[in-house]
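Dock chain B against the given chain A, drawing on the hints supplied.
If you read the protein sequences in the order shown, they are chains A and B.
Be aware that the first sequence starts at 8, since it is given in my numbering, and climbs by one per residue.
Be aware that the second sequence starts at 8, since it is given in my numbering, and climbs by one per residue.
Honestly, the hints are just simulated from the structure, not real lab data.
All the pointers check out, no bait thrown in.
Identical copies go unnamed one by one, so any copy, or any two together, can satisfy a pair.
Computed list of lysine to any residue pairs in SDA-like fashion (alpha-carbon distance at most 25 Å, straight line): (1) Lys139 - Leu124; (2) Lys66 - Gln37; (3) Lys126 - Glu89; (4) Lys103 - Glu92.
2 protein chains.
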Amino acid sequence: MQEIEKIIDYEFKNKKLLEIALTHSSFSTQNSNERFEFIGDLILNFIVGISIFKKFPDKDEGFYTNLKSGYVNQHYLNSLGEKLEIAKYIKYKGTKPIDLSDFVESIIGAIYLDGGLKKTERFVKKFILSNKIEPLIDYKGELITISRKLSGKLPLYEIIDEKGPAHKKNYKVIVKIEGIASKGEGEGKSKKEAEIKAAKDILTKILD
Amino acid sequence: MQEIEKIIDYEFKNKKLLEIALTHSSFSTQNSNERFEFIGDLILNFIVGISIFKKFPDKDEGFYTNLKSGYVNQHYLNSLGEKLEIAKYIKYKGTKPIDLSDFVESIIGAIYLDGGLKKTERFVKKFILSNKIEPLIDYKGELITISRKLSGKLPLYEIIDEKGPAHKKNYKVIVKIEGIASKGEGEGKSKKEAEIKAAKDILTKILD
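So that you can see chain A by itself, here it is in the shape it has in the complex (with noise of 0.2 Å):
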């Protein structure tokens, strides 16, 4: 207990909130950490909601939006898990591999019951805002999880137009989900890049 608060930064004055937070409902349904998941979830995105409105004022809710997901996103968080090696920690009965990022909003619930907003903010700002994100890279990687639960299957990229000589290409893609009217578009120096674009695409046009 002792290492994971000095792994995390915050010691608690209530050690069961820590517990319950690191225990998965594998080992315990009645004391899991599913209920300040839930709470830990809405305090992420308030705390770094605002902390981008206020940074960059001058941006639109598009901006906002987009970078907001960069950071609270289940693959970002789930690397944040992994980082700080929290997994060594999770009580849990199961052969399945699981999703750090769910003990990582469940840790920030935690943290909020036991020490409020201040401090909150406090681990938001060191471990999750300190890092600069591209809110691009992550694209690819919330669109996997959302059509998979949409559809059940990946997402399909096609190159629709690739033009220019080899030093200078230039790629259009479209990327579809099996069953949903909407598309995405996007072009770029790299496959990589229209396909990042083309994900940002369709994900505002069905998240919005």
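Okay, now just chain B, sitting in the frame of chain A:
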């Protein structure tokens, strides 16, 4: 301005913030309500979620998610906007009817920027959390919104079973969204009840 401040029971120190919160992007793209709507939505979700969590300490995250969506969904917030008659105060150049839920959110964002979290909580408790929500009520409306986004069409309900004598019927309903693999199932004493439960079921599968 004074009139709307009376209605929402909050007096702005900085009237400019209220003005922006009531300006549709068709009237001014630069100073429209959309940025405030972004933070208002986050603050609203945070306040409602935490209130529910504290009020029902023995419930699970599924209950929290459902009840929260009863309070923050577009349909409910739009009705509140109509009840408060905020349309009268909105600067708008256009022909389509506007969605008042966006303005309820931007007003919440403006109160937060002007008065901080405590004053915003006061507003949310007085106007949003004060109504007893039967979380089931809004599932069908919520599903219409989501189905339109995903498939461009309405959800399809189908009665798959009908049992019992006339005064004691039991209905089974399924609901589908075109192109979406998940479907919802519900059972109830009336078609409506079964449909609401089916809508709830598919929403959980799609959104959780």
